[in-house]
Amino acid sequence: AQKITQTQPGMFVQEKEAVTLDCTYDTSDPSYGLFWYKQPSSGEMIFLIYQGSYDQQNATEGRYSLNFQKARKSANLVISASQLGDSAMYFCALREGPQGGSEKLVFGKGTKLTVNP
Amino acid sequence: DTGVSQDPRHKITKRGQNVTFRCDPISEHNRLYWYRQTLGQGPEFLTYFQNEAQLEKSRLLSDRFSAERPKGSFSTLEIQRTEQGDSAMYLCASSSPLGQGELSGNTIYFGEGSWLTVV
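If you're matching them up, the sequences are chains L and Y in order.
The first sequence: position 74 = 74 (our numbering), numbered continuously.
The second sequence: position 80 = 197 (our numbering), numbered continuously.
Just chain Y, with the same shape it has in the complex (with noise of 0.2 Å):
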């Protein structure tokens, strides 16, 4: 399978504990992404690496959200002291490169996402 994968796909953690999750994306991709989805709500971003380098974040990722791309591959996504605002869906992304001149018409690709239930 040469799609993003993400793992673990589901976790079930108590209120205060950390979880992390990792993503590894399409291997030609320098773009990785990170979006959060709640029940009946589209998926919302968090984040942005091109290569290893975290260029945006949303207001969305507070504090105790982290998120590393250390070697510009797969990305992992900390969140610390869970709270149960947290429980959603983790959904990571990739895309290549933007050539010169190019608009914004590179393709997007999702994985199949991790689903995140803090009680």
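The shape of chain L in the complex, shown without the other chains (with noise of 0.2 Å):
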């Protein structure tokens, strides 16, 4: 089973109107972290947000906010006032926690997000 799924391969979004991102995960392990990067054309991944699995709050960067709905195992990115220069491909990743044994993320296939003036 694939750990991170994006469902939507591309998105559209009206400037300064919010948007949605969905990520679903797939773990057994009861320590994790997710996170969201995103990258522009020119291929540089920028750390967006990072929820805990024990976090007691959804996390929130600026217009950045985690939809954390953890029965649900789903992290959706929520970007509210949309720019154009948020137009790039948006990745949800894995990172099962120090008993799963691993510290390597694991990635979605990733959401191209088109702005609209």
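Hints listed in this document are in silico derivations from the structure and should not be mistaken for laboratory results.
Treat the hints with caution; some may be incorrect.
[What the hints assert, rightly or not] Below 16 Å or equal to it, Euclidean Cα-Cα: the simulated EDC-like pairs (lysine to aspartate or glutamate) are: (1) L:K112 with L:D29; (2) L:K3 with L:D22; (3) L:K109 with Y:D180; (4) L:K3 with L:D29; (5) L:K3 with Y:E200; (6) L:K73 with L:D22.
[Said to hold, decoys possible] Here chain Y is said to cover these stretches of chain L; the calculated rule only asks that three of the stretch's residues, wherever they fall, bring their Cβ under 8 Å from a Cβ of chain Y: (7) 36-47; (8) 73-84.
Built from N, CA and C at the ideal position, the CB exists for glycine as well.
Hey, can you piece these two chains together into the complex? The hints should help.
Take a look at the structure:
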């Protein structure tokens, strides 16, 4: 089974509107972390936001917030007040805890976000 | 610039040649990772170092691939006898050590990647 599923290959949003990018994950490790990265056409992976499995509150970073629903195993990224510069690929990634024995991130296939003026 | 830096950013090579990529992590980070990303896919894990020790290797890392981090600072990824299927972007990332009792929270920072084209 895939550990990270991003079901939206592409999304469109109007400038200044909010958009939600979906991410579901699969892990049996009780301790894990979920990351969102932005990848513009230049290729660099830019860290946006992190949510730990034991965090009580949803993570927020400026215009980014994470809608974490642990029971549903979903960690959707919400971008508020979209800007033209938000157009990029967005990747959700899972890092299982130290008990899982691995330090690696497992990425989804990404969602291409296009912000229209 | 104090981020993760990679060199070269772009490399075109003929099939069968060897190539080497270098990664300089953020200075206080003891963990270093290599990932590979092909078009239309998310990055895939290749290998991971903690200081100079290579602690985990993916099955994707065939015998033609070798990574080193001799002094626990910069790292190199060498691909021998390149094949067209090796064409991809090779991403390096680093993170700081997990504190005692800390879970998965340390942010992993990526470099801008090294694009490889094998012709």
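To see whether the hints hold, each was checked on the structure:
1. Of the supplied pair hints, the one linking K112 of chain L and D29 of chain L is violated, its CA atoms being roughly 29 Å apart against a limit of 16 Å.
2. With a CA separation close to 14 Å, the supplied pair K3 of chain L and D22 of chain L stays within the 16 Å bound.
3. Of the supplied pair hints, the one linking K109 of chain L and D180 of chain Y is violated, its CA atoms being roughly 26 Å apart against a limit of 16 Å.
4. In summary, the hint linking K3 of chain L to D29 of chain L is supported, as the alpha carbons are separated by about 12 Å, within the 16 Å threshold.
5. Between K3 of chain L and E200 of chain Y the alpha-carbon distance is near 29 Å, which puts this suggested pair outside the 16 Å criterion.
6. At roughly 11 Å between alpha-carbon atoms, K73 of chain L and D22 of chain L fall within 16 Å of each other, so this suggested pair holds.
7. Look at the region 36-47 of chain L against chain Y: 7 of its residues bring a Cβ nearer than 8 Å to a Cβ of that chain, three or more, so the hint holds.
8. Taking a C-beta to C-beta cut-off of 8 Å, the region 73-84 of chain L contributes 0 residues in contact with chain Y, too few for the three needed, and the coverage statement is violated.
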